[in-house]
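Asks: Residue numbers (the working numbering), protein chains in the order written: chain A, 140 to 488; chain B, 140 to 488.
Be careful, since some hints might not be right.
As the list makes no split between identical chains, a pair holds if one copy fits it or if it spans any two.
[Stated by the list, open to error] Simulated pairs of lysine-lysine, DSSO-like, Cα-Cα distance not exceeding 30 Å: (1) Lys394 - Lys420; (2) Lys313 - Lys394; (3) Lys477 - Lys420; (4) Lys206 - Lys446; (5) Lys446 - Lys477; (6) Lys446 - Lys394; (7) Lys206 - Lys394; (8) Lys206 - Lys313; (9) Lys477 - Lys394; (10) Lys477 - Lys206.
If you are wondering where the hints come from, they were derived from the structure by calculation, not from laboratory data.
Because the structure is a prediction, the values reported are computed rather than measured.
There are 2 protein chains.
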Amino acid sequence: MIIPVILSGGSGTRLWPLSRRATPKQFRSLVGTQTMIQDTAARLATLGNVGEPLVVCGAGHAARVQKQLAAIGVTPTILIEPSAKNTAPAVAAACLAAIDRHPDSMVVVLPSDHVIEDVAEFARLVDLAVTTARDGYLTTFGVVPTFPATGYGYICPGDSLSGEASAIAAFVEKPDEETALEYVASGYLWNAGMFVFRATDFLAELQTQDPAMHAAVVGAYPSSPDEGGTVHLAEEGWNTIEPRSIDYAVMEPTKRGAVLPLACGWSDVGSWATLYDLGTKDDAGNVVQGNVFLSDATNVYVRSESKPVVVVGVEDLIVVEMEDVVLVMHQRAAEDVKALTEQLPDELT
Amino acid sequence: MIIPVILSGGSGTRLWPLSRRATPKQFRSLVGTQTMIQDTAARLATLGNVGEPLVVCGAGHAARVQKQLAAIGVTPTILIEPSAKNTAPAVAAACLAAIDRHPDSMVVVLPSDHVIEDVAEFARLVDLAVTTARDGYLTTFGVVPTFPATGYGYICPGDSLSGEASAIAAFVEKPDEETALEYVASGYLWNAGMFVFRATDFLAELQTQDPAMHAAVVGAYPSSPDEGGTVHLAEEGWNTIEPRSIDYAVMEPTKRGAVLPLACGWSDVGSWATLYDLGTKDDAGNVVQGNVFLSDATNVYVRSESKPVVVVGVEDLIVVEMEDVVLVMHQRAAEDVKALTEQLPDELT
């Protein structure tokens, strides 16, 4: 049985003011009409032998996850993290829950806030990854770069394994521009944080690589879920865990890693500039959403959530109107939003 | 007795969205804390022997005039125009009302939506104008140009009369840029639509120059005001009047015109660019009003009326946030706002 594990702990700060601490971007509709977490759950529904998803999130977001997934007919099990501990503990807890469902569960770990345009190709690759994982590999997707990004880590593929899968030669950090060009020329892939493995394989590897974390997660995992399928991880045990990503804790040290190149129009929608890139443009390169009136505007992204926005005689701007705040920003400042939010009053972030 | 006549029929379209059909700019606080019509009324309160003002406006604005002036302790008589007929009929009706108060009333005609920075100098000139008008002159102020404006008509002063006053050689239309430079070099003055004359002198001259208008206004003027000091001009008579400005109907043809140069920081606040010019600037040339957060912004005007506005990495922008709409515009588009509003849905204008 394949069990989707949806990680919904991200904050999406660089998409402020659409993405907030209380309502991160996975709960918003960024590109289509569904929210990102709805898209994420729906994307796997077409695969065969897939169970209801496990969603890992903070207590403050559980009700929203439940509600948004119910709206598309999905009934998740929600694992509530008492505190954010990065991805490795979250995935480990999800693996325990997957094993509760079925001892031989195969998990597909997906961030809740990414966009995938070619869902059929994605589904094909998930099938391949499941086949690879059945051989005991901890499998990850490496997104085929479409430009020399400096905002992602890269995966250097190693020896060919079988079919389209390769061993993993190395994970490397976010590069500078020159290095990024080299990486792309050398066939490196973007590390997109998506994984497929047997739940027991992951837990075994975690026990080998980070036995303390493994023990702490097992200790924090309750003997039985609450009513309604919610799993509250025990605060006392959980809070002792040292936060680590799945990459650092497991994927880098393991000898059983595999990577599959994925070319499916993937984006983490990491900034307003990315959202502009993803949007449908008019003849002047403008992307609008909501009640927007443009006059003599070029290459602007304008989003109106609560009232009409009129934009005149400008170019390369991002304008985001929300019920409680308005952002007007040059496109080239899009990467500075995270730093910006740290200067804003708490009630706005 | 000096009686201020405040003309409040303007729509201030170029300051949309602050200025609306329902709430034109004279009812808004643009620069200071008082609204423009409050500033206009307060400006004359320091003069001696000044009566309560007469305000001419449309029916839809009467309650607001009453309320805003009551808030600063002023009790106007409000003359309600059944329809807008430009300035000459409005001033004529006000002169009739002034004569009702006192047969020898001197009227000071002021638009309700202009800014005057040096109120003491303005008061000194009003005193001079009253002296000139006592000699039977229809006196106007000519604003000493501070730049070669193409947005105003000009007054060419003629022979010196007495003191600072001159006869009027000619009124000229809004010039092109080259002509504006010549006008400024030749000592022409801006026609700012402010006048001082004896009410009976104005009406006598109107009777000479445009007897039909004179008769129609006299016919529309009621025999007695309503309760509460409101004067409803009779719709039937008023609506037959052909609209004409006081300049065309009286000031240009009269042989008894006089002009006094006025240098008092005058502005008609005709556009957002003007409002930016009038504002107090920070070191980067930014003007903000309301709850505004700037980061790396230069020469922007940002006004927040209902919720925080965050502006990042931009220059030469005008951002106006109102309860029901947001405008984001390049400074160089400021003169196009009137044309813009004609393309917008009615409910926004």
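Asks: For every hint, state whether the structure bears it out.
Replies: Evaluation of the provided hints:
1. Lys394 - Lys420: neither (45 Å within a copy, 62 Å between copies)
2. Lys313 - Lys394: Within. Shortest intra-copy distance 22 Å satisfies the 30 Å Cα cut-off; inter-copy 82 Å does not.
3. Lys477 - Lys420: both (26 Å within a copy, 27 Å between copies)
4. Lys206 - Lys446: Answer is both: 26 Å inside a copy and 29 Å across each meet the 30 Å cutoff.
5. Lys446 - Lys477: both (25 Å within a copy, 21 Å between copies)
6. Lys446 - Lys394: neither (54 Å within a copy, 54 Å between copies)
7. Lys206 - Lys394: neither (40 Å within a copy, 80 Å between copies)
8. Lys206 - Lys313: neither (36 Å within a copy, 63 Å between copies)
9. Lys477 - Lys394: Neither: 36 Å inside a chain and 69 Å across chains, both beyond 30 Å.
10. Lys477 - Lys206: Within one copy only: 28 Å inside a chain, 46 Å across chains, cut-off 30 Å.
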